[in-house]
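Novice: Protein chains in written order, with this note's numbering: chain A, 1 to 375; chain B, 1 to 199; chain C, 1 to 646.
Rather than coming from a laboratory, the hints here were simulated on the basis of the structure. We put the CB at the ideal spot given by N, CA and C, even for glycine. There could be a bad hint or two in this list.
[Stated by the list, open to error] Some, not all, of what chain C presents toward chain B, calculated at C-beta under 7 Å: (1) ASP142; (2) GLU263; (3) GLY336; (4) ALA372; (5) ILE375; (6) THR600; (7) ARG604.
[Stated by the list, open to error] Covered stretches of chain C (in silico footprint by chain B; criterion: 3 or more residues with CB under 8 Å from a CB of chain B, positions within the stretch not fixed): (8) 255-262; (9) 342-350; (10) 384-398; (11) 472-478.
[Said to hold, decoys possible] Every beta carbon over 12 Å from chain C, so not counted as near; a handful from chain B, in silico: (12) LEU87; (13) ILE122; (14) ARG134; (15) ASP137; (16) LYS144; (17) MET145; (18) ILE162; (19) PRO164; (20) SER170; (21) ASP183; (22) LEU185; (23) ASP186; (24) LEU189; (25) ASP193; (26) THR196; (27) MET198.
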Amino acid sequence: MRLFGPTELLSDVIEKDLCSGCGGCVEICPYFRSYRGKTAMLFPCNLEKGSCYACCPKAEVDLDALSMRFFGKPFDGSPLGHHLSVQVSRAGKKIGNRGFQAGGTVSALMAFALMEGIVEAAVLTDRDQLMPIPRLARDPSEVFQCASSKYAAAPTLSAFNRAVRDGAGRIGIVATPCQATSIALFRSNQLQKPDFRDPASMIIGLFCTWALDYRAFRNFLSGKINLSGIRKVDVPPPPAEVMEIFDDRGKWEIPLGEVRELVLPSCSFCPDMTAEFSDLSVGVLEGHPDLNTLVIRTERGMEIVSRARKEGFLFTEDIPEENLKHLTWAAANKKKRAIAKIKSEGLFNTDGERRSIFRFSEKTAGKILDGEEEK
Amino acid sequence: MTADPYNIIITGVGGQGNVLAARVLGNMLLRRGYEVTIGETFGATQRGGSVMSHLRVAKYGVWSPQIPRGRAHMIVSLEPAEAVRVLKDYGNEDVKVLSNTRPVYPVSVIAGDVVYPPVEEIRDRVQALIPGARFIDATEEALKMGSPILSNIIMLGALSCILPISVGRSDFEAAISGFVPVDALDTNLRAFDRGTEMV
Amino acid sequence: MNQKKHSPRLLMMGNDAIARGALEAGIQIASGYPGTPSSEIIENLSRSAAERNIYVEWSTNEKVAAEVAAAASFAGLRSLCVMKQNGVNVASDFLLHLAHSGTRGGMVLVSCDDPGALSSVNEGDSRPFARLLEVPLLEPGDFQEAKDMTRWAFELSEEIRNFVFLRSVTRMSHASGCVTAGDLPEKARRPAFRHKGFLLDPDSGPVISLLPGVPELKHGPQQEKLRKAAKLFEKSSFNTYKGPEKPDLLIITSSACSLYSREAVHLLGLEDRVGILKMGTTWPLPPELMKRHLTAPDRILIVEEVLPFLEENVKILAAEAAAELGIKTFYGKKSGHIPSVGELNPDVVISALRKILGLPADDSTADFLKKAGAIAASAAPHRELTFCPGCPHRASYWSIHNAIELDGREGFVCGDIGCYTLGFLPCGFGTLKTIHSMGSGTGIASGFGQIRRFEMDQPILAVCGDSTFFHAAIPALINAVHHRSPVTIIVLDNRGTAMTGFQPHPGLDVSVMGEPAVDIDMAEICRSLGARVEIRDPFDLEETERTLKLMMEETDGARVLILRQACSLSPEKKGRKLFEVTVDESVCIGENCGCNRLCTRIFRCPGLLWDGQKKTARIDEVICTGCGVCAGICPSGAITKKEARV
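For reference, chain A alone in the conformation it holds in the complex (with noise of 0.2 Å):
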């Protein structure tokens, strides 16, 4: 892959509004910070390779690398990445009803790998009334704390960051797709460190079509809301076209058309709409807002699942035909839209000094820009 440094980061990513607000870049030094859901760069550093812009989903990523490092196999395009199985799920009896935004799958998971030790600190993010917020937790109940969606973009890495930072030896990560990718930037030890050791033991990556700037969400929010009374926010399947906000008064309906105004530039790049780079991905099973979508990636997520399975803590079936095929076609649209636009500004597979966001085979961007569309 091709490695560069935090001017680069700058120019190429943060300063073409590029940024996902992953956090993927902040405390690994003091230069990059994030700050109400924006990520700043502090002071010019002049290193000319830095994990910073090695671990940015959007900074020269070669997911064909990428994809033979953690699959053994060529970034291949198809609509859910490389994957073991598809499967349906929700929180197992162990873990009960605790009013999870839909089938508290995610949570179940994490709260079972910190329990018996798969993890020991698991990187999920709370929120502060509308404000996400990276968290580090160690024991379960905070795990619990921190289920529901957050729509707007969080530097969740950072988090991560820190606890490498700090010593910590396996780590768990709640992750969107770019923070997914970031992760796994990170695991493939860009810059060729001799003593690096991998912490990641356990990835969940999360459905994600898009991602709010935070300060915009707020502004929009604020003169309409008070923020201090939300308790959840969602936004149900289509065709409700609303994002619902519920606070101690209420439920208030705001038009998912004047939302989509305050998604983040990036995610129109972003290609990946089920966390591709994850042990396991977990979304809403269309039409079963109490259930989950569960794709099993890894040998390692598989056994994970299986064990909170037989546990208790997790329960499973089979995916009805139709749900796979509607979660296909969603996520093979994504793939498409951002390719092509991705391809159109001349940040693909470039030539020469121009640095590029991806990089994988012209044969495969092919194939995903001749993709059928029928649902």
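Please arrange chains B and C on chain A, whose structure you already have, making use of the hints.
Specialist: Coordinates of chains B and C only, in the frame set by chain A:
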């Protein structure tokens, strides 16, 4: 005195006691009946900057507090890089040089942006240009005596021996008593004496 | 310094000579505001205050200082008022009125200019003020003259009943030369302000600048005073001529430039071709004397610094006397022979003389200087300006800079005058984005705040020092609060007027004379205006940054953040370390990814060294003052601080 006016530059970094050294020397020369003019650069430059005192020593008359380009007769430096800096504007083939060897690194060097050459290299290059240039470790001697700030007094002692104008210990003793408290006189005299032994 | 009998010759700084001259003249009041290169005059006088029974004061600003000195003069005492060139700008409104009203006891206004802006952010020339205010101007040309002229200025002032402007420059004020001191007066005057006499009586009537509608009653006599001064100047010993009776070229010069001119003529061996007319009384120019010297030479070179003040006045005089004098050729700034910018030196005059007289260039030292320059290119690295080790401003700017970057809306800071002015440099992380005069940071911020209503989202901040706050920022702050300008005003309170040598100001409880004074509470003033006020310790980086980020998000009205921590050169701090600071080399990441020498490359405190061999940072124990701030910025925890044993 080999020239009239005789031009001495005392230079260093802010905080080294450059100004004090110039005033003490000025008073020593005044005591010997010379007319002295001293020009100084201090103020904002003291926040880490170079400091220069230009001394004009004459039989009579007030001269410019700034020595004309290339016209110094004696350059005394409390810091090696400053000796070089002064040489490039005020030096000439016949100038005498007396410099301390202890560097005071500029912030740019501390920050790693710029390399400060080894003092031996500075000394060698200066001596190649001016064969009689003297470099003495005044700060080391000052530290042995208990305080690095005494290096400027040690330099004065050394200077008194190589200056082609007659000034000596008694002049120093009379001059320094106007600048330091009584209980510091002894230390200062010892520093002056140490300087005379070093050239 | 306080000897009453004739003393032997002393080596004296120009400022000390001026102070001595004032004491010999029997001043009883001295006032001023700190400003390089003038500050030593008041400091010197304050040390003599007790023994000489005089009152010395650092006033809140130069205008007030002038008013304080004027009061003494109205009561029949002799007074001295001291400032740098910018101070005259600040005092000018009052001075204009004072020039109309006239004075009683001798009053001298000393302005120490800074040509070349060695310690200023402007290159103002205060001499034209004398012409504008219509008061006499004196300029000492050497150190003895600095003393004698100051002493005589009081006599002149009482002769014409108006204040006298005495102008010095850095190379006179901060340079030293031989001075023979004179006697100090035995008796002091007893003040009384007589005011019951007739309205226009200069000795006993009220002191009023001008009566509206009838300017001739005050302005007329004022101009008459000036003509009287001109007559006295015809015979002044401060105007000297040295050179041939009929010079090829006449140099007209004043102040330190007269020394440069003398040096240049001497070096070129032109004593029998070039004459030097050194003027000590430069406004009004004594016409008869000038005409006498202008008669013989066809060519005249005027040597002065910054504005062509002398040059223009001489040309006007020559034009008026054209019938007598004939046509002359003038050289100076207008002809390009003397630079219009910057301070002068003997080489400038040498170069001008060579050009005018067609003399060959002298390259005798050129070769040597070139070789020396080659050594200097690598062996004399540039010394950038920076804050002292332990300076609270470094810590303040660290937090301010970071808060602005994290806020991410292109916020900016309007700067002001003090040590913290260096905040526009790398040592202050390039934080300041406007710099002008005392108090203008807050004033400009107040303006920026109002234009936010035109959809400008950038957060606006200003910094000002504690001394600056009292000097000039209060009216601007009132403006911001009253008009609800959404700005954050940061007062960098380091408990003294640091840049000029750590003088006291109204926020402290002791005066320059060491007498108890009322310490005025800055925070209370701000609160009483109705601004939200927070006080933080800038050494607490986290808390300062947190507070600033929140303040920048506020949208309604002006708020004040006082960052209070004493200057590292202050008496309470000097020689005492709060912490022992060390670097654990085994933990230091150094130039690798994860740090890249944040402490030495960016923070840049002189107490931190980069060890190129070990590839780690190190504390220079001699320079480090033990503030411990660097321990808070180190990403690896390699820098630690431990409370120093008292």
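Novice: Work down the list of hints and note, for each, if the structure agrees.
Specialist: Here's how the hints hold up against the structure:
no., hint, result
1, ASP142, "holds (4 Å)"
2, GLU263, "holds (4 Å)"
3, GLY336, "violated (20 Å)"
4, ALA372, "holds (4 Å)"
5, ILE375, "holds (5 Å)"
6, THR600, "holds (5 Å)"
7, ARG604, "holds (5 Å)"
8, 255-262, "holds (count 4)"
9, 342-350, "holds (count 4)"
10, 384-398, "holds (count 5)"
11, 472-478, "violated (count 0)"
12, LEU87, "violated (4 Å)"
13, ILE122, "violated (5 Å)"
14, ARG134, "holds (17 Å)"
15, ASP137, "holds (16 Å)"
16, LYS144, "holds (15 Å)"
17, MET145, "holds (15 Å)"
18, ILE162, "holds (20 Å)"
19, PRO164, "holds (20 Å)"
20, SER170, "holds (16 Å)"
21, ASP183, "holds (17 Å)"
22, LEU185, "holds (19 Å)"
23, ASP186, "holds (21 Å)"
24, LEU189, "holds (20 Å)"
25, ASP193, "holds (23 Å)"
26, THR196, "holds (23 Å)"
27, MET198, "holds (22 Å)"
Taken one by one, the earlier hints fail for this structure at numbers 3, 11, 12, 13, listed in ascending order.
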